[in-house]
Amino acid sequence: MGGSFGNDSIRARKQFSTEAQAMNTLALDSWLRDIWLKPGNSNLAPSVDGLFMFILWVCIISFIILMVPMCWWAFKYRRRPGHVQMRTPNHNTFLEITWVAVPLVIVTIIFFWGFHGYMHGQIASSQAEIINVEGKKWNWTVTYANGAGSGEQVYLDAKRIDENTVSHAYQAVPIIVVPEGRPVKFMLTSSDVIHSFYIPDMRIKMDVFPNRKTSLTFTPTNADAALDQAGSLYTSAADAKAAATGKGRDHFIFCAEYCGTFHSEMAAILRVLPEDEYNATLTEWANIEGKYGFNGEKDKAGQQLLPMWQLGQWVHKAQGCATCHSVDGSKGSGPSWKGYYGTEVNFAGGGKVAVGLYPGLRDIESTWDNYIRESILEPAKHIHEGYPNQMPTYAGKMSERQINGVIAYMRYLAGKTDNIPTGGPKPAAGSSEAKPEAKN
Amino acid sequence: MASISGTNVGAHGHDHAHHDEPYLTPKSSLWATIIDWATTIDHKKIGVMYLVAVLFMFFLGGVAALAVRVELLEPTRTVTTTVNGETTVQITGSVMHSVGMATDMASAGDWYNKIFTLHGLIMVFLVIVPSIPASLGNFLMPLMLGAKDVAFPKLNLASWYIYLFGSFFAIASAVVGGVDTGWTFYTPYSTITDAGHWKVVFMILAAFILGFSSILTGLNFIVTVHKLRAPGMGWFDMPLFVWGMYGTSLIQVLATPVIGITLLLLIFERLFHIGIFDPRMGGDPVLFQHFFWFYSHPVVYVMILPGMAIMSELIAVFCRKKVFGYRAVAFSSLAIAAIAFVVWGHHLFTSQGEVAAAVFSALTFLVALPSAVKVFNWVATLYKGSIDLKTPMWYALGFLFLFSIGGLTGLFLGALSVDLHLHDTYFVVAHFHYVMMGGTIIAFIGGIHMWWPKMFGKMYNEFWGQTGFWLVFIGFNLTFFPQFIMGVHGMPRRYASYVDEFLIYHQLSTVGSWVLLLGFLVHFFNFVHSLAAGPKAPPNPWGALTLEWTDAASPPITHNFHHEPVVTHGPYDYDDVVPAQTKPGEFPLPPKAEGRTVHVVKAGH
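As given, the protein sequences belong to chains A and B, one line each in that order. Here the first sequence is numbered in the working numbering, starting from 1 and rising by one per residue. Here the second sequence is numbered in the working numbering, starting from 441 and rising by one per residue.
The shape of chain A in the complex, shown without the other chains:
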């Protein structure tokens, strides 16, 4: 190495190695980030993730500071012939102050950083879109400012295994849409026990109480579905649609506060949509009831409305009936609706739905229609024997039209065709329910 540019060369090499170290550290940092953190999708995520990585580094460094001497000394000073302990000071004030003072500084930083990020999730912008969510065992019901509820449901983790077989986790869960880039504020309340509204990808959760409203706020980002890691979340038809249009990105919503039997199934999907898509979706959802009608009912343009039972099918998912009442005959914490309508039902504590008791005096239809209506509005009044008394009332939450839809749907599931318009689909009980893909 020539003397004339030796110094430069050394400096260059030094600089290079510092840069290389910095690069290595960054690579290590992003490697750790990939292991620990899923991509965040709200304005809160950078602060939370930044603090998370800071604490992770504090932990790794502290752990090394503790473990390296521990392992080294345990080896070096292991008891063996000829080795005895050596007299050392019993304490060292400087050392002991150091290992109180340094942690104190670090935890102070963590505290303020955490408090700062926390307040961002608590105080909503005055421009925030307010979305009401009610938790009840075991589903989430959403109500938008224009009165719309969730109009679409998906099965979580739906997968096609082969031509004949599909599998999914949980019951169908509602989709809650939010606009990209605009602050949203969820107003949360519960109608029974405590739940907790948790959106991992948004880095926020809040408990949901029966006696008060709580709220959380964030600004969703990244509505671009193309950004989503393929196959990481859903392979449902709904997601395929979103992926095909390039619009909308889905995130899990979980219940994080233990609430009983189906706690782990109390989920929902948060779908981030571009502003225009969001508005269009809300308008569509607000008018959903008007799309369905009884035989012969027509819309303003004179077109036959969609069959009433399909409104019931929508209500079954949108109001969360699906959590407890299956439509394929499988057992849930409430009776399955498949073939249920018109059967003889015994009540807990005596009595029954009087079917065929006085033939001709009371017909099956009015008896059953009334029993369904009563069960929706005053569920505790007559409990189907063998099932727990746990259904919350839907009085004030379900319109008469929706109740009629439910009745039509239950008739449909029992193979009664009189509400099906001529030329409409023939009931093939349950078969369309069997394939999550078919619904969308």
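A few of these clues could be false.
Stated by the list, open to error - With a Cα cut of at most 30 angstroms, we get these calculated DSSO-like pairs of lysine-lysine:
no., chain 1, residue 1, chain 2, residue 2
1, B, Lys824, A, Lys331
2, B, Lys639, A, Lys331
3, B, Lys898, B, Lys976
4, A, Lys352, A, Lys397
5, A, Lys331, A, Lys381
6, A, Lys338, A, Lys397
7, B, Lys594, B, Lys467
8, B, Lys639, A, Lys381
9, B, Lys554, A, Lys381
10, B, Lys588, B, Lys667
11, B, Lys667, A, Lys76
12, A, Lys213, A, Lys397
13, A, Lys381, A, Lys397
14, A, Lys397, A, Lys298
15, A, Lys352, A, Lys338
Worth flagging that the hints you see were computed from the coordinates, not collected in a lab.
Take the given structure of chain A and dock chain B to it, following the hints.
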């Protein structure tokens, strides 16, 4: 400095012949032996009975944990097959579902919920809270202080029977169907679930009764420490184990009455609908959470302080060093006990106002400081020691490893914004298992190994002891470390099923639980073998300097000491005092130094 302790100084007048026999000596008949144990006021026998009971309960709680892990091996999925228009629906990946179908339950979730609740309740109220204080604490405290017994021996026996009585209610509740409240009994769920059934009340009653056992044991220990120290033993001559027990007892006496009142209110709420927690009657469910955690957070330190207490002994004895910064370690026990009372709100970051959250977050970080002091001091104690890597020392090193992870991960949870993400996820589950199990239970097992020769007069097999340690250590990390990652990825706790992205972590965790089981089985058979055929233990196999080793036989005689010991050296003065060698070459002398005299303490009689 005169240095021979345990000689005829301060001779005592109670030299009944039968009191000179080892406390384990059986009576003339089996029946007489049973009566003797059932009515004993000997702290050693009570300690051993607690030890057996706690280990049995640990086994029951462990079985529940394994059942939880097996259920989570696969997510529950609904598989729908359509062939020729015929649709069949099948539930897969759920053991509990099959059990649920067989027992006509509405859902697999119900079984799962009962089993994780049982796991939590048993492990908290029947295992960890009484574990170290009631078993090792009872056995060792009077011996370490040079006393004949605890201050109130009859009260001690009463505590034991109260513990049995409370356990009876807990088991009865499980036998008549089990409860699904979670160990935290959060209202209004706990006041509504299984309404009209007594099993939930039984379980709450069990926790209520067990609280009295804790209070009385704590009271007994406090008075014992104040009044029964041997002549010459000042506060700062006490072994750090005793300091840890003292801090623990203070918390038990001050905090447990609060949970007693809370649980009574909960029972009244269920039975008479008084409406203090019920929102429909103007009550507030969050009030319950405040009451509950006002006890249950300090009780976290009731669980960990005894583990720390054992750690200080293990490290000092197996390194032959005075614990570095003895006073700092002693005071940090008290500091932790004090701060423990003002941090309960960090369990409620997602359910309380912003100001409260900020205050509790700040206070929570203060606990990090005395905890850090302890860990740094223990590691510093290794420096230039003579480290004997026997099973108890491996457990001490294991504790430092696992408790460091448990403590450091607390930093994530104390930070408000990060906690909003991590609260009630598997991250929390992993964190408190690293502290409670990686801390307390690991220290407990290490302590059992260390004092096993003293308690039963037999040595355990060192090879199998260390094999057990490595299985437990590896199994523990395999079980719980993946839970940190899935927690950060958003896996909520108390879930009977999950979405596929968490599959790999749950599978690692379940396999880990089997390794853990294997480790505990190795320890179990090692102990059984030791009792049946282990070599006889010398009075002081580790060359320790605390009184239970230097002045008492293995196992100790009924009256503990032939004569009241007089303390002339500190518990960790390994640089100046050397216990008599039990085997040639076993305990090397400290290096000769100018103007220093090395004192020798005789072991046993």
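Checked hints:
1. For the proposed pair Lys824/B and Lys331/A, the alpha carbon gap of about 67 angstroms is over 30 angstroms, so the pair is violated.
2. With a C-alpha separation of about 26 angstroms, the suggested pairing of Lys639/B with Lys331/A holds against the 30 angstroms cut-off.
3. The hinted pair formed by Lys898/B and Lys976/B meets the criterion: a straight-line CA distance of about 5 angstroms does not exceed 30 angstroms.
4. Proximity of Lys352/A to Lys397/A is assessed by CA-CA distance (about 27 angstroms); at most 30 angstroms being required, the pair is judged to hold.
5. Proposed proximity of Lys331/A and Lys381/A is supported: the alpha carbons are some 22 angstroms apart, at most 30 angstroms.
6. Distance hint between Lys338/A and Lys397/A is fulfilled; the C-alpha atoms sit about 24 angstroms from each other, no more than 30 angstroms.
7. A threshold of 30 angstroms between alpha carbons decides the hint, and for Lys594/B with Lys467/B the separation of about 21 angstroms falls inside it, so the pair holds.
8. Restraint check for Lys639/B and Lys381/A: the C-alpha separation of about 26 angstroms stays at or below 30 angstroms, so the hint holds.
9. Distance check on the hinted pair: Lys554/B and Lys381/A sit about 28 angstroms apart at the alpha-carbon level, within 30 angstroms; holds.
10. Simply put, Lys588/B and Lys667/B have alpha-carbon atoms about 12 angstroms apart, close enough for the 30 angstroms limit, and the pair holds.
11. Using a Cα cut-off of 30 angstroms, the hinted pair Lys667/B and Lys76/A is violated, with the two alpha carbons roughly 42 angstroms apart.
12. Taking the CA atoms of Lys213/A and Lys397/A, the gap is near 18 angstroms; set against the 30 angstroms cutoff, the hint holds.
13. A C-alpha spacing of about 18 angstroms is found between Lys381/A and Lys397/A, which places the hinted pair at or below 30 angstroms, so the restraint holds.
14. The suggested pairing of Lys397/A with Lys298/A holds, with an alpha-carbon distance near 26 angstroms, which does not exceed 30 angstroms.
15. Taking the CA atoms of Lys352/A and Lys338/A, the gap is near 19 angstroms; set against the 30 angstroms cutoff, the hint holds.
In summary, the structure is inconsistent with hints 1 and 11 from the numbered list given earlier, while agreeing with the others.
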